[in-house]
Structures are given as C-alpha cells and as structure tokens.
Amino acid sequence: MLPHYWPTPVTGDPLIYGADVSIALVSIAILFVLFYYKKWGWLWREWLTTVDHKKIGILYVIAALLMLFRGGVDGLLMRTQLAQPNMHFLESEHYNQVFSTHGTIMILFVAMPFMFALFNIVIPLQIGARDVAFPYLNAISFWMFFFGALLLNISFVIGGSPDAGWVSYAPLTEKQFDPGPGENFYLMALQLSGIGSMATGINFLVTILRMRAPGMTLMRMPLLTWAVLAASIIIIYAFPALTIALALLLIDRVAGAHFFTMGHGGNPMMYTNLFWIWGHPEVYIVLLPVFGVFSEVFPAFSGKRVFGYSSMVASLMAISIVSFLLWAHHFFTMGAGPGVNTYFGIASMAIGIPTGVKVFNWMFTMYRGRIRMTMPMRWAVGFIPNFVIGGATGVMLAAAPGDYQYHNSFFLIAHFHQVLIGGTIYGSLAGMYFWWPKMFGFTLDEKRGRIAFWLWNVGFYVTFFPQYLLGLMGMTRRIYTYPPGMGWTNLNLLSTIGAFLMGLGFIYIVWDILYSTMHRSELKDVTGDPWNARSLEWSLPSPPPHYNFAVVPTVTRRDEWWELKKSGRADVLRPTAQDIEAIHMPNNSGKPIIFSVFFFIVGLGFVFEWYAVIVIGLAGVLATMLLRSVEEDTGHHIPAEEVRHEEMALGRM
Amino acid sequence: MSSHMMEGGHGDGFTPHGRSFPWLHVVGYLLSLVLTIIAFLAVLNHWLSGRTLISIIMLLAVMQIGIQLFFFMHFTEGHGPRYHIMALGFALFFTIIFVGGSVWIMSFGGSQAY
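Protein chains in written order, with our numbering: chain A, 1 to 653; chain B, 1001 to 1114.
Just so you know, the hints here were simulated from the structure itself, not pulled from any lab data.
All of these numbers come straight from a predicted model, not from anything done at the bench.
Some hints could be false.
The following label-pair restraints were derived from C-beta to C-beta distances [claimed, not checked]:
#	chain 1	residue 1	chain 2	residue 2	range
1	A	582	B	1088	31 to 41 Å
2	A	175	B	1061	23 to 33 Å
3	A	477	B	1103	27 to 37 Å
4	A	255	B	1103	22 to 32 Å
5	B	1056	A	258	20 to 30 Å
6	A	474	B	1075	25 to 35 Å
7	B	1041	A	255	48 to 58 Å
8	B	1065	A	474	46 to 56 Å
Here's a subset of chain B near chain A, in silico, CB distances under 7 Å, partners left out [what the hints assert, rightly or not]:
#	residue
9	1040
10	1075
11	1083
12	1098
13	1102
14	1105
We put the CB at the ideal spot given by N, CA and C, even for glycine.
Let the sequences and hints guide you as you build the complete structure.
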C-alpha cells in the first residue's frame, strides 16, 4: 500500500523555515559537543540508562523548562497576532496550529513533567525510601513521555501540526473535515506519553503505600506525599478514559470506523464526554501536587507546623474523589438538559469547599509565623491571590445559565490561565526553587529570582485581567483576528504587553539558573538543609548519595527532622559505622529508552499511515518486552564498606 | 509479561510461581481471546439486535474484567495490607459513575430537540 502522506519540511512559510534551520543548528551543536568532548559514553551511562529517581526527576525538570519555552513562544505568537485588529502576522491555519500545540504542550508536556519531576525528586527522599517501587518502569515512564513530546514537536516541521484545539473535538477532527497527519500527531503523541503517565501513577501509588520508612504511618506522611498519593489515584482512574477516546478517534481516522462521525450511528458528543471524564480530573492531577508543595513551603518559611494537618489530608482526598464527579461542566452548552446541568453545576461549586479549606489553612499557617521571604515563599505567596481570583471566576463559570454567556469566550481563557499558571506553574516554580539545592547542591540566586518573579507576576495580571473584560465584551477564543471598532483593541494590546513581560520573566528564570550555575561555589549548600525545613529529605546531604539513606530512618512523629532539630538531636539521623549494611539497588538498563524509541516508530507509522513502519515498531516493542521478561536482573548490592567510605567523604560519619 | 517487567531492579522474591511454565497466563490469554471473538462475531453476523446485543456485550466485558484480574493481575495473591480491594472498590465506583453519567448526559433528557 502506498503511503498516504509524505512528510515535507518545505511549505513556504518563513516561520517553518526558521524552525527547520534552528532545529538543524541545535542538533549539530549538540552532536558536536558530544563528539568533541567524547561524552557519548557518559550520556548513556549516567542519564539515558539511569533508573535513579533523582536523575529521572532532573530529566523531567529539563524537559518541562524546554517545553515551557516552546509553549510560551506559541503563546507570544498568538498574542502578537492579536495585538492589533486585522493583523497578518499569522495566517488563520497557522494560528489554529499554534493555539492547538500551545494548549497541548502546556498541559501534557509542561504541567505533567513538572509534576512528575516533583514526584521523582522528592517523594522517595521524603518517605525514607531508596528508590521508587518499580525503578525500571519509572525509566520507561520518562522515555515514553519524552518520545511522546518529541512526536508532537516534530509535527511543526514535518507534515503539519494538529489544528483542532488541544481538546481535538470530533467531528471536526474526523478525516472528512481534517485531512492530513496533523491530528494523528496529536493522537499518537498523547497516547505515548499517556502510557508513561499511567505507569507513573501506579509507580508512585505503590511507592507511597509500600515503601515508607518504618514508623511513618499514613497520618505521619508529609503533605506533599499525601498530595502525590491523591494525584496518583486520579491518574490511575482518569487516564483510561483518555486512552479510549484517543484510540477510538484514531480508529475512525485510519480505519474508517464511525465512533464519533456524524452519520452511520456515530456520536461525536461522546468524544467530548470521554475527553472531559479524563480532562477534568487532569486539572487536579496538575494541581494537587502543587498544593502539596505549598503545604511544605508555607510551614518551612513560617517556622510553624502546617495548620490543620488532618483537614488538609481530608480535603486532598475529597478533591481526588469529587474531581471525577463534575466533568460535564466543560460542555454545559451541549444542552444535556436542566437536570444534568444543575447537578454538574452544583458539584463544580462544591469542589471549591475543600479547596477553600486548603487556602485558609495556608493562610493560618502563615498567621503569626516567623515569615522568611525566600524565592519559594515568594512564588507561594504570589499564588494565593491568583488562585483565589481563579477560584472565584471558576464558581462564576460553574453556574450553568451564566456559562452560556462565558462559554468559549476570553473570560474562560483568563479563568483557566489564572488557575493553571497561578496554581500549577507558580507551584512548580516554588517547588523548583525549594528543592533545587537538593537536586544540584546549590541554591538559586535570590536577586535574579526576585526580578524574574516580579516580571512574571506583574506580567501575569497585565496579560489576563484584560482577557476577563474581553470575554465579557464578547471576544471568543480561537479567533485569529478581529476588526477594529469592537472596543477590543486597547485591551488586546495591553494583554500582549503583559505576555511579553511574562516572557521576559521566563528569560530571567533561565538567566537565574545559568547565573547560579556559574556561581555555584558561592551558592553551595553545605548543610543539606539550606531552608531549615521540616521533612526527611533535608536530613540528607545535597545532593544525596545515589542510595539516598545509608541507614533507613525510623519515624516516630510528623515533621520528624524538624522535631529532632528542635530538641538538638539531629545527629540521630546520621548513620553509624556498625548500622551500615550492604545496600540493594536496581541496575541501570538501556531497554527503557530502546523500548520507547520503538514506540516512537509505531507513532510515526500511525501518523503517516505507513503500515510497514507500524509493524516494524511493534515488533521492536514486543522484542524489547520479551528480552526483559527473560532477563535475570535482580539488581546489585553496594558493599557496606563502600557506603561507609561514601558517607565519610560526605562528612556524615 | 508486564508483571515481570515491572518488578525491575528489586527482584527479591516477588514471583510466587518460581520458574514453572505459566499455564495460568496461557489459559487466561485464550479465554480473553475467546470472549473477544464472541463479542466481535455477535456484532458482525447480527446474531442479536438492540438491547439484547448490548446486554450480552456488557456481560462479556464484565467477564473479561474478571479474567484480567484473576489470570494476569494475580488478584488473589499478595501480602501486606489489602490495598487492592480498596483500589477495586474505587474502580467499581468510578466505572458506575462514568457509565451511568455518560448515559445520563447522552440521553439529553429523553429528547435531542436542542
């Protein structure tokens, strides 16, 4: 069978030529560095084959920041196009592609990896474990995510990007209305990274339930651990709905089925329904972990324990359940009837209650505390007004009759950027600044970080407040241009200025990272506890040895490390020579990345409907799985002597 | 296969069957294939129609879940707290919510006049 599409990097659009050239240049530069400094072996041994959760976490952070840059550029392109009426900066088709990839990348390839970075870097350290429950699977998770993201990103230069929004609603995305490989890229990219997300959810649920240090009962767990547990539960039960929706749509497109078509008994609204069964819980997958981050950051920098620990746990769990019960508020205007809309409207407002409990608890944690305004705390404090406004406009949207006015307007756009940037991104950045020393052994510079924060924070309000007004004035989302005389011009210009301020803020964050890396000897964290914080990860040196804990600690209460420090007995958690035994650790493996490369080939095959390529890819996937299942891999032991040497070198014995 | 894969580096004694031939997996695999083929043929050859067909397919789906849990996910094995019972309870709850909710939403209050 002849291939349906030939990928072509030549479409005549100067932006695509620019992207082609820059991709080629960056690739050549990376290859040059790797060859010139003979770093291939190092890269393979230390990073590509690693199963160490700390290294996988760092890979997630790097990927999230790179994707934030790509998604941010998409955002700036859109804002530039909308800055003035009747602009011809982007043509309509190109604009469609840009808003589709912007949304897809920001949710799936920025927010998700940021969350998984937190999971990986912090959770095993926080619960006193030496790795996650399934380290090999953890590596598969990362590489599946990576190749999913890669598949979506190459769509821009070969074949064309998806252009039907990040939701990819049927029937618009059926082949009849949207020919070409663009939507296939979307479907396969999400499917690949979805496998990784599902595995991560399972992995961390098991890790938290089964691998806690002795004495760490559920109600002694730090709140970030609770939050990740809640998010893992949501991942496990929500992702299958997305998998099904994407798979059925793909079968429609490549095999001519009629699940979501207009005729032949298809029901396009079922796609919308399935998408949001996943889509709404997804919002909480990227929010609950940052709630956990704030629950660590506020107590640490207020010098107080968190206010209302039990109510924090209860609200996390309540949110994780209720988040499944309100998906239809994304399509009130589909007209499922007053009964449906009333129920889903009320349920949507109800989820504000546990969320409100958390906001009050954070504020009471700060109340009469000894507050230190460090970088993590600054992002955390910036989050609160942001999130409260986002929550309030959310309740407005949850009122179904009102939603008929706001639906698909810029009011909605402003609302979800307020909660997703104000919540997820502020929280991810708070977490990044907080645990950066734990990852790399040095803190990030405060002065540059402060400038970045203020540029971003001011830019944020300047970008999105005008959008609330534009929405109320009738400007709908996803329009690529508008005529003058609508009264929208000045507000759009203001919003664009704000977006560029945020862009500048991002550049300052990157500059902060580069500057701090160059000055890392001055910013070195020698104590392992630079913030005088509370949970177990801070009892370890920064960065921790690869086996994490030479001796697994025994926990007797909440905030064990803080309480020990307060009573002057922090030395209890230091290893002694006779306690150290040989440590069992998992082996590195090259199979996860090879397995994922084969899945990437399967993805490419489906995108261009090259069936031979699909078969080759699937054969590779099966072969790698088979090789793994007959492999005798029981890990290795680090001899006690070696551990003692390492601990002495770290000055802990 | 996947269960072995997941055991990864911490491979200390989590395989209850040791090295014997995995008969359970083969039987489960065949059973799940048979169930799928029945469902497929029922639709392809118009054995039944309408409500009966849908009921039969739903029944086959429930049996399929049982087979997956017992033969592949080793539902009856394991040690420590019985977290998996809780997990299944959640799964059942959410499945009822998703299926029931979807039917409720997609029935458009009994009419599609909107």
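Tested hints:
{"no.": "1", "hint": "A:582 - B:1088: 31 to 41 Å", "result": "38 Å, holds"}
{"no.": "2", "hint": "A:175 - B:1061: 23 to 33 Å", "result": "28 Å, holds"}
{"no.": "3", "hint": "A:477 - B:1103: 27 to 37 Å", "result": "30 Å, holds"}
{"no.": "4", "hint": "A:255 - B:1103: 22 to 32 Å", "result": "26 Å, holds"}
{"no.": "5", "hint": "B:1056 - A:258: 20 to 30 Å", "result": "21 Å, holds"}
{"no.": "6", "hint": "A:474 - B:1075: 25 to 35 Å", "result": "55 Å, violated"}
{"no.": "7", "hint": "B:1041 - A:255: 48 to 58 Å", "result": "19 Å, violated"}
{"no.": "8", "hint": "B:1065 - A:474: 46 to 56 Å", "result": "48 Å, holds"}
{"no.": "9", "hint": "1040", "result": "13 Å, violated"}
{"no.": "10", "hint": "1075", "result": "15 Å, violated"}
{"no.": "11", "hint": "1083", "result": "5 Å, holds"}
{"no.": "12", "hint": "1098", "result": "6 Å, holds"}
{"no.": "13", "hint": "1102", "result": "5 Å, holds"}
{"no.": "14", "hint": "1105", "result": "5 Å, holds"}
When the structure is compared with the earlier hints, violations turn up for hints 6, 7, 9 and 10 and for no others.
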